[in-house]
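2 protein chains.
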Amino acid sequence: MKSVLTPEELEAAIRQVGAERYHDKHPFHRLLHGGKLNKGQVQAWALNRYCYQAGVPRKDAALMSRALDRELRREWLHRILDHDGSGGEEGGIERWLVLTDALGLDRAYVVSMEGALPATRFAVEAYVNFVRERTLLEAVASSLTELFAPSIHRERISGMLESYAFVGERAMQYFRRRLDQANRDADFALAYVKQHARTPEEQAAAVAAVHFKCNVLWAQLDALHHAYVTPGLLPPGAFRPAGP
Amino acid sequence: MKSVLTPEELEAAIRQVGAERYHDKHPFHRLLHGGKLNKGQVQAWALNRYCYQAGVPRKDAALMSRALDRELRREWLHRILDHDGSGGEEGGIERWLVLTDALGLDRAYVVSMEGALPATRFAVEAYVNFVRERTLLEAVASSLTELFAPSIHRERISGMLESYAFVGERAMQYFRRRLDQANRDADFALAYVKQHARTPEEQAAAVAAVHFKCNVLWAQLDALHHAYVTPGLLPPGAFRPAGP
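Protein chains in written order, with the working numbering: chain A, 1 to 244; chain B, 1 to 244.
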């Protein structure tokens, strides 16, 4: 019979998943941040990643649709505001489109997701469905990859600005803003999980949710790597860069 | 073969559902607004209706979780803000609890929903699930009972303030606020449905969604009427008024 972890042990177990499986370890990210990709490859990354950005508010709304606790809904709501924007505030999806604009991609084409890899879209929908169907605890826990995000964003900002002449400061707005947002969000979600995962089964499910979410992120980079780096085998209909 | 309605004919068909089936026609509402209920019956109404209030933001989040269109999500979000509140703004659920406070009900008991009628909770969950599972068009259309709400709110405010010594102005805040909110919301949703229901099948589904939603509201009043008016048969565990 498994024993109950202390909240601190649970946090350590969650952080261990990130240390082993977060997508900052993926070769594609090392290429991206190290300036080793050409413009077409960065374009492919940005337009595929748009699918993920666009899916996140639906995921967050799915979580809210299951939360009986008004305080949890009130807290979670600002994630949707952060991504979709509200009134004059443009929001993260719009900031992502500023990046794809800067990369010379047609906005309607990006938003249509027509050129995205099917594996990208499957991974994003798997995430939305996970949040819709698993326990609320698992749904909250699956957001905890945000614990590991600020360092990747910092690396990405400096790496991309240094390495790519075609990426300017304005295109990096999305990541600068996420540095603060992800910290706040992750703190809340981590406290929630530490408080609500009390049995060994709940704790294992919370850790598994972080594991699952790492898979969602990793699978997207695998698909990019296969299509645009090695072996560079483009699926039919996928975005085809204009040449190096 | 059915023919396509013009947008105006579709609106008329939707309004006709309200004219026949909206819960302002229910005998319980006539008793409520006409001052014919005792305090215990008004308490029963308020604590059952709380379940509906508390379910609405989950329903709206479910709709948002299915909306691929960011503009629709941005527009719909304010409904959740209206109900759950945000920052210093208390929101409609809190205003509903001001009403149940004013009626002398224990807040924790109301929020627990323990004393609510099972039929109330089933109706509310049927609504949340409808929005989760039907088409987005039907989900939006099911909100259109708001077209009929302002007149019931106005009647309720004047009827309840005149008729019940135990209901004061402060307790009526919820309804005063909804007068504006419901108008705005209904205008948007009606325009959406008129624009997006183009085939005879879609138009029939939109009208049926309003019909369904009227059933959700009517069933709640049937359950209240049966338990607290005629024959006054309380289900086990239901709220039991302290006496007239």
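In short, the hints are calculated from the structure, not lab data.
Given the structure is predicted, the values throughout are model-derived calculations rather than measurements.
Treat the hints with caution; some may be incorrect.
[To be verified] Incomplete in silico selection of chain B near chain A, CB under 8 Å: (1) 61; (2) 62; (3) 64; (4) 84; (5) 85; (6) 86; (7) 93; (8) 129; (9) 132; (10) 134; (11) 137; (12) 240.
By construction, the Cβ of each residue, glycine as well, lies at the ideal position given by its N, Cα and C atoms.
Here is what the structure says about each hint:
1. 61: Interface hint status for residue 61 of chain B: holds (4 Å vs cutoff 8 Å).
2. 62: Holds, about 4 Å.
3. 64: 4 Å, holds
4. 84: 5 Å, holds
5. 85: Cβ of residue 85 of chain B sits 7 Å from chain A, so the hint holds.
6. 86: 6 Å, holds
7. 93: Residue 93 of chain B check passes; min Cβ-Cβ to chain A is 6 Å, inside 8 Å.
8. 129: 10 Å, violated
9. 132: At 7 Å from the nearest chain A Cβ, residue 132 of chain B passes the 8 Å test, so the hint holds.
10. 134: This hint is violated: residue 134 of chain B lies away from chain A, its Cβ roughly 14 Å from the closest one there, beyond 8 Å.
11. 137: Not OK, violated: residue 137 of chain B not within 8 Å of chain A, min 17 Å.
12. 240: 24 Å, violated
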